[in-house]
Amino acid sequence: MSESDQNILVMEGISKAFPGVQALDNVSLMLKRGEILCLVGENGAGKSTLMKILTGVDQPDAGKIIFNGSEIQAKSPQHAQSLGISTVYQEINLCPNLSVAENILLGHEPHKMGRIDWAKMNNMAGEALQRLLGIDIDTAQPLGSYTVAIQQMVAIARALEIKSAKVLILDEPTSSLDVHEAGQLFKVMKKLKQEGVGIVFITHFIGQVFEISDRITVLRNGKLVGTYGTASITRVELIAKMIGRNLAEFDEMTKIKLESGKHIKSDSVLQARELGLTDSIRPFNLDLHAGEVVGLAGLLGSGRTETASLLFGIDKPDTGDIVFNGEVIQDYSPLGSIMRGVALCPEDRKAAGIVDELTVRENIVLAMQANKGWFKYLSLPEQYEIAEKYIKMLNIVTPSADQPVKNLSGGNQQKVILARWLATNPQVLILDEPTRGIDVGAKAEIQKLVLSLAEEGKACVFISSELEEVLRTSHRIVVLREREKVAEFAGEVDEKTIIHAFAGSES
Amino acid sequence: MKTSARSSFTWRKVTENKLFFPLLALSLILLFDFIFIPGFFAIESRDGDLRGSLIDIFRNGSTVMLLAIGMTLVIATGGVDLSVGATMAIAASMAGILMNPSALKNEVFFVTDPNYTFQPLWVVIVLSLLVSIMCGLWNGVLVAYMRIQPMVATLILMIAGRGIAQLITNGLRVQITYRPYAFIGQGWIILPFSLYIVAVILLLTWIMTRKTSIGMFIESVGINFRSSYFSGIDEKKIKLLVYTFCGFCAGIAGLVASSNVKTSDANNIGLTTELDAILAVVIGGTSMAGGRFSLLASMIGALVMQAITQSMYAIGVPAFALQAIKAVVVILVILLYSEQVRGFVRRISSSKNEV
Chain A
108 MSESDQNILV MEGISKAFPG VQALDNVSLM LKRGEILCLV GENGAGKSTL
158 MKILTGVDQP DAGKIIFNGS EIQAKSPQHA QSLGISTVYQ EINLCPNLSV
208 AENILLGHEP HKMGRIDWAK MNNMAGEALQ RLLGIDIDTA QPLGSYTVAI
258 QQMVAIARAL EIKSAKVLIL DEPTSSLDVH EAGQLFKVMK KLKQEGVGIV
308 FITHFIGQVF EISDRITVLR NGKLVGTYGT ASITRVELIA KMIGRNLAEF
358 DEMTKIKLES GKHIKSDSVL QARELGLTDS IRPFNLDLHA GEVVGLAGLL
408 GSGRTETASL LFGIDKPDTG DIVFNGEVIQ DYSPLGSIMR GVALCPEDRK
458 AAGIVDELTV RENIVLAMQA NKGWFKYLSL PEQYEIAEKY IKMLNIVTPS
508 ADQPVKNLSG GNQQKVILAR WLATNPQVLI LDEPTRGIDV GAKAEIQKLV
558 LSLAEEGKAC VFISSELEEV LRTSHRIVVL REREKVAEFA GEVDEKTIIH
608 AFAGSES
Chain B
201 MKTSARSSFT WRKVTENKLF FPLLALSLIL LFDFIFIPGF FAIESRDGDL
251 RGSLIDIFRN GSTVMLLAIG MTLVIATGGV DLSVGATMAI AASMAGILMN
301 PSALKNEVFF VTDPNYTFQP LWVVIVLSLL VSIMCGLWNG VLVAYMRIQP
351 MVATLILMIA GRGIAQLITN GLRVQITYRP YAFIGQGWII LPFSLYIVAV
401 ILLLTWIMTR KTSIGMFIES VGINFRSSYF SGIDEKKIKL LVYTFCGFCA
451 GIAGLVASSN VKTSDANNIG LTTELDAILA VVIGGTSMAG GRFSLLASMI
501 GALVMQAITQ SMYAIGVPAF ALQAIKAVVV ILVILLYSEQ VRGFVRRISS
551 SKNEV
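Chains A and B are the protein sequences, given in the same order.
In this text, residue positions in the first sequence follow our numbering: the first is 108, and each later residue adds one.
In this text, residue positions in the second sequence follow our numbering: the first is 201, and each later residue adds one.
It should be emphasised that the hints constitute simulated quantities derived from the structure, not laboratory data.
Keep in mind that the hints are not guaranteed to be accurate.
[As the list claims (entries may be wrong)] If you anchor each label on the Cβ, the simulated ranges turn out as follows: (1) A:ALA247 <-> B:GLY371: 52 to 60 angstroms; (2) A:ASN502 <-> B:GLN523: 39 to 47 angstroms; (3) B:ILE515 <-> A:SER486: 46 to 54 angstroms; (4) B:LEU535 <-> A:GLY314: 46 to 54 angstroms; (5) B:MET351 <-> A:ASP425: 57 to 65 angstroms; (6) A:PRO506 <-> B:ARG542: 20 to 28 angstroms; (7) A:GLU589 <-> B:ALA527: 53 to 61 angstroms; (8) B:GLU539 <-> A:ALA169: 16 to 24 angstroms.
Keep in mind the model is a prediction, meaning the values are calculated, not measured.
Cβ coordinates follow ideal geometry from the N, Cα and C atoms, glycine included.
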């Protein structure tokens, strides 16, 4: 077999510009049959855009794509699928109101006498999930009734179920999966690899890159940095190539944390007393102090987001109460919380965070303006001043404050939401997965920012599915398991102790 | 080389402007009029007042323009108000009965004195508008607080409204002869008086939405109500406000329309105008899914709708065939808006510039 026959996919000299952004500049990529290629890079490096061009969501300005020996130009995702290129995107784009089976087999439904054979369809879908991913769920239920992780699995199952797939693109599939689920996915990936499927795997988890990939292609700012054999590169080298600078800063974190720990005040700003909600989270006590970062750790579905929803007043508790600065609060609503000085960066950036068609400026001033009410209008110059201040402070990469926020990369969108909340000058800042889907460099930036905000006297709650990150950032760690607060650790703890708390075993 | 790149860039900017496509649609229709209807653009001055077909488009379009102002805000929140036509009829009936309450005694009393009215004009206007505001409030409560889908919620009043209007006038048509009231829809001060009403309401609405935070909140709620809620925006109050305001606009439109036809005809005032208003907003480029809105573009959209009607009459399309012909033209206009056609226009223009 010659070199060119081994390549299932070759992308050459791809360029693409969006208004104000050169997303890709002369990028090339090569994928062999039966290979897992990791595509890595910071936010805005162009990974998603490259894959969107491959699957026909966007059309390239220049360059060519050779698939299975012949040049192709996918006109739409459907077209790409019919050619044999399937994708699971970073943001789940399935229909939550349709059943799991419908989502998996949409457009490929089995028919009986001209009608859809529902029973067979549910069985087929259930069988596919079992066979491909090893999960067993009721496929007749609407997709929206399952957790994000399960929905992600269904998205993957859908991509795999398209039988002719020769190339499978996984765009951040593991960002909402826990360790066990990710392991399941890797098993499936290895199996597909043996069957000769070429897999492009996009992830921010460096550990996973080394665990699963054969080769690694690195992008930075829309340009190709290079492609490396996984065995021939070290973690530090890879990260250095991704962000183009060395990572001594990571070691700084510990110092910063120790330093900032000295500023913790003793009396609590916000105090949850036996706060709970049936079917959401069991009653818990939690004290937040000014100047302190409290980490909420737990596996997927352990109740981290539910805790945040209660603290911010999205959900009304049915037991217990919240004491804020010595007063028992009555008004449980986001607006009430904002007026008290509590802020929440929600977990689901796309659905509950950004307002995608509004500009960066409008997104930043939104909560501040909501707090001021309808008639105390911030004039345009004031709005620009605030927006420019935070764009500079948080290092938001955008051509201008008037750019619709949907044109920004994920990490920059996250920073815009952070800016929205910082503009309200909160006393308590709850951050639910603020670094999800964000590259290594921006992650460190946000972690540092959280610590410096604490140092300024804010009480922060830091929620993350990455334990390492929680450990690095928090002064105190609260562990949740199965919708219950099970442990609280102050000071230095090691990863092992917390993992034991996750699992519920005595240590 | 450099200049061509620059000109294609500015061309792109022009085509991306919100007003570009509505204006393009309007000029296409006016171009049609210019070619096929002699004297369409003739404007004469009668006793200092300007008259002509062009002015008529503005005058007759004023009801749809008024409706489109309120409708723009409702659609921007992701909703729709089907009841504005019925609300117009209710406001008109209210006004009619306040000026000539004879219908309540089950008799039609023809007033011949143009200066006679039962209630003074300001009472007539204030009470009629109050009733229309109540109509809007009702819609707002159903949509925002009862969480009924806007189309269903406003359908209720769309159907019930004409019945309510009939009830107010005891099922009779009230003739309106009071001259000051007739001035609302028929008066001229150089330009038709109704145009000044439109201008004032438009200005007030612009100030209300763009000089307070309400406009941004409306767009934010329309684009992503969950994010808006999480950011502390009271989405229910915003919706209540826009539906109420839409009712208010419909009330004014009802006064203008009834003053125009000199009767409070509960069956015909504002009939199918709600659809014209919705189309006007759509032609103005506001997405039915909610989000970004432009009041000015909606006004041009309303003029497009009226210009179509007027042109069809002028070339002799019989009234009964009007709706069908109008549909064809509307389809053509809406086609201008589809991404496919827009992309096509852009490709053509950019390739021209490159050559």
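Evaluation of the provided hints:
1. A:ALA247 <-> B:GLY371: 52 to 60 angstroms: Given a distance of about 54 angstroms, which is inside 52 to 60 angstroms, the answer is holds.
2. A:ASN502 <-> B:GLN523: 39 to 47 angstroms: 58 angstroms, violated
3. B:ILE515 <-> A:SER486: 46 to 54 angstroms: For ILE515 of chain B and SER486 of chain A the Cβ distance comes to about 50 angstroms; the hint holds.
4. B:LEU535 <-> A:GLY314: 46 to 54 angstroms: Since the Cβ atoms of LEU535 of chain B and GLY314 of chain A sit about 53 angstroms apart, the hinted range of 46 to 54 angstroms holds.
5. B:MET351 <-> A:ASP425: 57 to 65 angstroms: Hint violated: Cβ distance 35 angstroms, outside 57 to 65 angstroms.
6. A:PRO506 <-> B:ARG542: 20 to 28 angstroms: About 23 angstroms separates the Cβ atoms of PRO506 of chain A and ARG542 of chain B, which means 20 to 28 angstroms holds.
7. A:GLU589 <-> B:ALA527: 53 to 61 angstroms: Once the Cβ atoms are compared, 59 angstroms apart, the range 53 to 61 angstroms for ALA527 of chain B and GLU589 of chain A holds.
8. B:GLU539 <-> A:ALA169: 16 to 24 angstroms: Holds, at about 23 angstroms.
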